[in-house]
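S.K.: Each chain, letter by letter, is given below.
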Amino acid sequence: MNDIRTIALVAGVLGLLAVATAVGQFLKRHPDRGLDPAAVDTFNLRLRGWWIMCTVLAAAFWLGTTATVVLFGLVSFWALREFITLTPTRKGDHRALFWVFFLFTPLHYVLVGLNRYDVFSVFLPVYATLFVLARVAFAGDYKRFLERTAKIQAGLVVCVYCLSFAPALLQLPLAGATDGGNFRLLFFLILLVQFADCMQYVWSRMLGRRLVAASVSSNRTWEGLLGSATSTALLAAALWWAAPPFEPWQAALAGFVVALMGFAGGMTMSAIKRDRGVKDYGTLVVGHGGVLDRIDSICFAAPVFYHLTQLFAGWGSA
Amino acid sequence: MLSPADTPTTPAPAGAGTHDGPSVFCRAAGLSLAALARLLSGASVRWIASQPDTCQRVYFANHTSHLDAIVIWSSLPQAVRELTRPVAAKDYWQRGVVRRWLAQQVFNAILIDRTDIKVHQSPVDLMLREIGMTKSLIVFPEGGRSVTGEIGEFKSGLYYLAKKRPDIELVPVHIDNLNRVLPRGEFLPVPLLSCISFGPPLWLERGEAKVDFLERARRAVIALKE
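From first to last, the protein sequence lines are chains A and B.
Be aware that the first sequence starts at 147, since it is given in my numbering, and climbs by one per residue.
Be aware that the second sequence starts at 6, since it is given in my numbering, and climbs by one per residue.
Worth double-checking, as some hints may not be accurate.
Claimed, not checked - As a list, the in silico SDA-like pairs of lysine to any residue whose alpha-carbon atoms are at most 25 Å apart: (1) A:LYS297 x B:LEU193; (2) A:LYS237 x B:ILE227; (3) A:LYS297 x A:LEU320.
No lab work stands behind these hints: they were computed from the structure.
Predicted model, so just to flag it, every value in this text is computed and none were measured.
With the sequences and hints as input, model every part of the structure.
M.R.: Below is the structure:
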């Protein structure tokens, strides 16, 4: 965290958060401004989440790459816990789940930490999938076999595999960039995803007319999607200096795609939640924050962002 | 056949436990096991119209997993936990050195011989003798772990406990999802999230019939599901 661009990025974000917090507290104290108090509460709750996210990320970055990978590993573990808790499993899945939690998830993050892209990019999607299929078959319960194995696999891919591309950014080889460059790249991704989430909400509330799928989400609209993708692209272009391999237009493209993917992640998780009849993963078990609710968009955006960066970095060095 | 030989040994370790109190090592083991159980079962604890208290209570819960007793035990505040003794099946907890040590020294469990219930040595009398006028109990009135996940009929022990000691608060406890953490017949846990709900205490009403009381108690546990 020692170069000027990192400091500018972090200070900018902290400044924004501070202003937003002040506004949120002001609105809370003055409920007569004609704003929906529930919306203000949601806003304040979101802000609290971001403060926590920022603090934890800052601590992890400060401790180094390994600490960050471990942190994301724990987040994955917890998210997978929530995912599988919510999905009905049968007793025949028990042993497979044990290995999924205690072998495949940690081992995948070890591979990410060792920067073995060639191995970790196939480890979960291929080997864990084959293992889960076979282990459930060996357990002898064939009832709704494909449905059950697909659930475990979906949980692994979304909560573990996809999310791990975020810390993997820290080890992406970038020509001529320092450690700080990779750190900014990860920060950039998370910032864009959060911003896109926010913008989606704002645009949907202001202009939202056409719902994408009324049965899945009652507040995600096409206008919100388009507005959020455009605003995120603009923000990314304005911040292009923060993310090492990007030209402004490349940053804008990355921002646009990140917003689309984040939206898709939110929709997907909504669909799963609707199917299970809950509103938040957090309310499923009282007292737990609902990690999956917070990271669904990052999960979807991280791998695409990783590969876009890889592509642009390749062009830059060629 | 083994039972007659077992019977005299029962009061001895439990008696030793009440006289000396657990050693520092056992207390530390208890604390770390409680923490581990909480972590592994991701148990969130809810007190619904009810408060933790050190008064004498019988916590009665649905039984779904071997972890039930330890998770309920560990979700009580420490002051309450030290006064609370799980009731467990002797045939399971007497097997092996570790289990026996855990049951007797760490959880301070009251072990009941399920295969040898006699009139003059009824489990209810044993439990009441063991808890004296200070300790609380954790019991599973279904008798065994349910296979289907449905909460089965309650056995009559709870009724006799309530009848013989009408001053004790009977606290319903509902355990959710723990059967998926460690199902029957498995020994490796899957760390899903579970939920322990404590409900408002109930008592045996004057003149309430056994069947009615047991059904009311069972309904109180089911009501905590939501």
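S.K.: Are the hints correct? Go through all of them and say.
M.R.: Right, here's what the structure says about each hint:
Pair hint A:LYS297 plus B:LEU193 holds up; C-alpha atoms about 21 Å apart against a cutoff of 25 Å. Distance check on the hinted pair: A:LYS237 and B:ILE227 sit about 22 Å apart at the alpha-carbon level, within 25 Å; holds. The suggested pairing of A:LYS297 with A:LEU320 is violated, with an alpha-carbon distance near 36 Å, which exceeds 25 Å.
In this structure, the one hint that does not hold is number 3.
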